[in-house]
Amino acid sequence: MDITTIIHSLQAKFPGIVVGASADQLIITKEVVKPVFEFLKNGPAAFTSLHSITAVDRKDTVEVVYHVHSFAHRVMLTVKVILGNDQLEVPSLTLLWGAADWLEREVFDLFGVRFEGHPDLRRILNPDSWTAHPLRKDFQMDGIVPRPVK
Amino acid sequence: MNIPWLALLSLLLKGVAILAFFAVNAMFLIWLERKISAKIQNRLGPMVVGPHGALQLIADTVKLLLKENIVPAEADRLIWWLAPFFVAVPTVAAFLCIPFSQEWIVADLNVGILFICSITSLCVLGVFMAGWGSNNKYSLLGGMRSAAQIVSYEVPLLLSVLVVIMEAGTLSMQGIVHAQELGWFCLKPNVLLAFLIYMISATAEVNRVPFDIPEAESELVSGYHTEYSGMKFSMFFLAEYANLFIISAVAATLFLGGWLGPLRPSVFWFLIKVYGIISFLMWIRWTLPRVRMDQMMSFAWKVLTPLALINVLVTGWLLAGKG
Amino acid sequence: MDFQELTINMGPQHPSTHGVLFLQLKLDGEVIVDCQPHIGYLHRSIEKIAESRSLVQFMPFTDRLDYIASMNNNLGFCLAAEKLLGITASPRAQYLRVIVAELNRVASHLLAIGTFAQDLGAYATPLFYALRDREKIIQIFDKICGQRLTYNYLRIGGVAGDLPAGADQLIKDFMAYQRRILPEYHDLLTGNVIFCARSKNIGVLPKETAINYGVTGPNLRASGVAWDLRKDEPYLVYDKFDFNVVTGANGDSWDRYDVRMREIEESLKIIEQALGGLPEGDPVAKVNKVFRLNGEAYMRTENPRGELGFYIVGDGGPLPYRLKVRSPSFANLSVLSAMIKGMNISDAVCVLGSLDIVMGEIDR
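From first to last, the protein sequence lines stand for chains A, B and C. Here numbering that gives the first Met the number 0 is used: position 106 in the first sequence is 105, and no number is missing along the way. Here numbering that gives the first Met the number 0 is used: position 61 in the second sequence is 60, and no number is missing along the way. Here numbering that gives the first Met the number 0 is used: position 279 in the third sequence is 278, and no number is missing along the way.
These are calculated hints, taken from the structure and not from any lab test. Among the clues, some could well be false.
With a straight-line Cα cutoff of 30 Å, these simulated DSSO-like cross-link-like pairs (lysine-lysine) come out [what the hints assert, rightly or not]:
{"hint": "1", "chain 1": "C", "residue 1": "K82", "chain 2": "A", "residue 2": "K136"}
{"hint": "2", "chain 1": "B", "residue 1": "K62", "chain 2": "B", "residue 2": "K136"}
{"hint": "3", "chain 1": "A", "residue 1": "K33", "chain 2": "C", "residue 2": "K199"}
{"hint": "4", "chain 1": "A", "residue 1": "K40", "chain 2": "C", "residue 2": "K340"}
{"hint": "5", "chain 1": "C", "residue 1": "K199", "chain 2": "B", "residue 2": "K136"}
{"hint": "6", "chain 1": "C", "residue 1": "K82", "chain 2": "C", "residue 2": "K230"}
{"hint": "7", "chain 1": "A", "residue 1": "K136", "chain 2": "C", "residue 2": "K47"}
{"hint": "8", "chain 1": "C", "residue 1": "K206", "chain 2": "A", "residue 2": "K79"}
{"hint": "9", "chain 1": "B", "residue 1": "K38", "chain 2": "C", "residue 2": "K142"}
{"hint": "10", "chain 1": "A", "residue 1": "K29", "chain 2": "C", "residue 2": "K199"}
{"hint": "11", "chain 1": "C", "residue 1": "K47", "chain 2": "A", "residue 2": "K79"}
Quick partial rundown of chain C residues pointing at chain B, CB under 7 Å, derived from the structure [stated by the list, open to error]:
{"hint": "12", "residue": "I7"}
{"hint": "13", "residue": "G120"}
{"hint": "14", "residue": "A121"}
{"hint": "15", "residue": "Y122"}
{"hint": "16", "residue": "F127"}
{"hint": "17", "residue": "I193"}
{"hint": "18", "residue": "C195"}
{"hint": "19", "residue": "S345"}
Beta carbons are placed, not taken as given, at the ideal position from N, Cα and C, and that holds for glycine.
All chains should be built: construct the whole structure from the sequences, respecting the hints.
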């Protein structure tokens with residue numbers, strides 16, 4: 000099963016899935032996040048491993064980027080969910096993958112994306128008392144500016 | 000009243016000699032351990048202070064004496080203060096009955112071996128007091144482990160000592176040595192087994208690898224003496240090495256003929272045997288990993304104790320057959 | 000009677016937490032009821048720093064992720080950048096990269112074995128043996144690039160400089176030495192009764208759990224999954240070499256140790272072949288120093304600790320718009336609290352040691 004057949008089977012099941020910039024990249028809406036990943040993991044493609052979750056702040060939108068990997072077919076798939084800045088919420092994948100727990104906490108910590116249904120959505124790298132999300136493009140250093148070079 | 004001044008003076012001198020030996024021997028053993036471990040690990044060990052770091056021990060002692068004595072804020076003061084003494088004093092007292100040679104023994108009690116065994120088992124009190132008094136969770140766990148361990152290994156240890164007592168027919172340390180004039184006890188198979196059991200149990204008694212569970216650095220930071228510093232820490236430290244000397248001295252006396260040897264002075268033979276055993280224990284320490292608490296306990300109760308009991312039984316049977 | 004759980008704070012300063020890891024343990028006696036890892040003490044926000052550095056400037060930062068295996072980090076980042084920019088390094092550079100990456104893998108595994116034995120209470124001796132052998136690799140790297148820990152040797156499109164005269168002899172000497180000395184580790188640890196009793200059947204990580212938590216590298220292979228990117232998604236010139244993917248049978252701590260031991264031998268095989276087939280040419284890159292970054296690229300490589308991924312997003316400018324580091328230890332550590340529940344402290348330390356984490360790449 001190569002990447003195009005996987006994508007075709009996915010598109011047949013979930014119309015509205017767009018292929019992204021490259022052939023192994025999908026863009027989905029957040030409504031179908033759960034069923035799509037459930038299909039990817041438990042379906043014939045067998046993407047058993049959630050490799051990473053990250054996000055890209057595009058200023059007016061935030062892309063949540065998932066990398067999933069299938070040991071059976073030796074392919075890696077990139078799945079993107081584009082969120083509006085006013086609605087930084089996406090369903091959690093913790094029920095599908097144990098790895099999602101910490102990865103989602105990291106994205107929440109650094110980008111402020113809330114994962115609905117995550118059992119323990121706390122900051123992971125930054126102190127709990129923090130309020131900012133450092134990897135957002137609008138992150139202000141709050142006076143922590145690099146010293147000018149003399 | 001006729002005060003025996005001479006006897007008092009001689010007693011005092013003997014006491015000072017014991018204390019001096021206690022300290023110097025411990026320092027020497029620390030230096031030896033550092034050198035042996037360095038040799039095993041392809042290092043040099045202490046080299047800077049004195050020739051081959053021989054004076055390093057003096058520098059270390061001065062450093063330990065000058066260190067600040069930190070008392071944890073929530074410690075149980077009295078228990079915390081008393082603990083190092085409970086560990087160190089019985090250890091010093093045990094030296095009283097160690098026969099260095101025919102003449103060199105402070106007090107040849109007729110229950111010498113019993114005295115040594117009973118007074119050294121007081122140490123467990125000090126260890127547990129240190130663990131409890133520090134009000135530190137790691138110390139507490141270390142103290143609990145230590146208490147369990149020492150109490151468990153006391154049983155096979157005493158049973159193996161019992162075999163020697165049966166063979167020698169006396170509890171006096173000098174008497175046990177004299178009983179071996181025809182041949183060391185460890186040459187008899189049943190006593191050799193007792194020797195083996197004794198060495199394993201004694202290693203556990205003094206908390207050395209592979210039984211260093213109370214101090215398990217990678218788990219409990221430093222176990223019961225985590226919170227101690229300065230002179231209090233050095234008392235634990237000195238007592239640890241003095242204990243090492245005592246178990247080796249008892250082993251040499253009980254199983255290897257004590258100070259018996261072909262040439263005089265006999266103290267030389269005694270020290271050779273003792274430091275030989277100590278070096279062996281050090282070699283083990285720097286080679287083996289640590290066993291787990293439950294593995295160690297089940298080994299004590301399920302293997303060593305039954306074995307030691309059977310050994311006592313067999314020895315009694317053999318002796319009865321002879322007599 | 001009233002029973003109470005004892006909460007123990009293991010770390011951030013503790014002899015066996017391998018850096019500044021903080022484990023909050025709830026104990027019942029000595030049995031762990033609950034484990035809550037807290038990370039982030041070493042967080043430097045390297046991903047944010049990357050957004051204000053050009054790719055060339057960012058290279059030294061990759062050294063500081065997994066500081067035990069800097070060469071492999073350099074390599075992962077170089078390959079990701081080259082994938083984004085469409086650059087291919089010269090054959091000689093590719094071979095050199097394989098050699099340094101595998102040497103660093105050996106160094107990293109040696110340290111992992113040493114610290115693991117240390118965690119099991121083997122007082123420093125195996126660790127010193129490991130450090131002694133690792134020192135030889137460090138000296139080779141010192142000769143090649145002038146650094147002992149943070150090498151910064153690889154460049155986008157090549158390497159910083161060719162092998163200096165005499166370096167190949169050093170590597171050959173090291174390989175002969177290491178092959179001679181490996182049995183010493185086996186004598187000291189592999190067959191040791193206490194070592195086996197402490198690590199066999201302790202911390203069994205089933206295949207499914209390992210995959211579910213994204214565990215990769217030697218830890219995954221110890222669980223019986225024959226997955227190695229060098230073999231299954233070959234990058235550089237790994238497909239030209241003959242080596243085996245070693246796997247364990249049970250996925251316990253001993254298997255994780257054993258897989259690392261055997262991987263050292265496989266790495267030596269690769270180095271030998273790479274050194275033998277080293278092509279002529281100029282390994283130093285002849286590419287621009289400033290790039291326009293367009294599009295995005297995700298590249299993962301087989302690090303000593305697992306799959307290291309770099310995700311670079313460009314917006315047409317010279318600086319990366321976003322750079323994500325997918326660190327293997329992060330996933331490997333996230334499985335820890337699931338593994339050690341119900342164990343006693345001694346075994347938990349053993350499991351943590353066998354997972355071989357580096358906090359530098361977890362906290363980033």
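Exercise for the section: If any of the earlier hints don't hold here, list their numbers in rising order. Expected result: Checked against the structure, the hints that fail are numbers 3, 10, 18, while the rest are satisfied.
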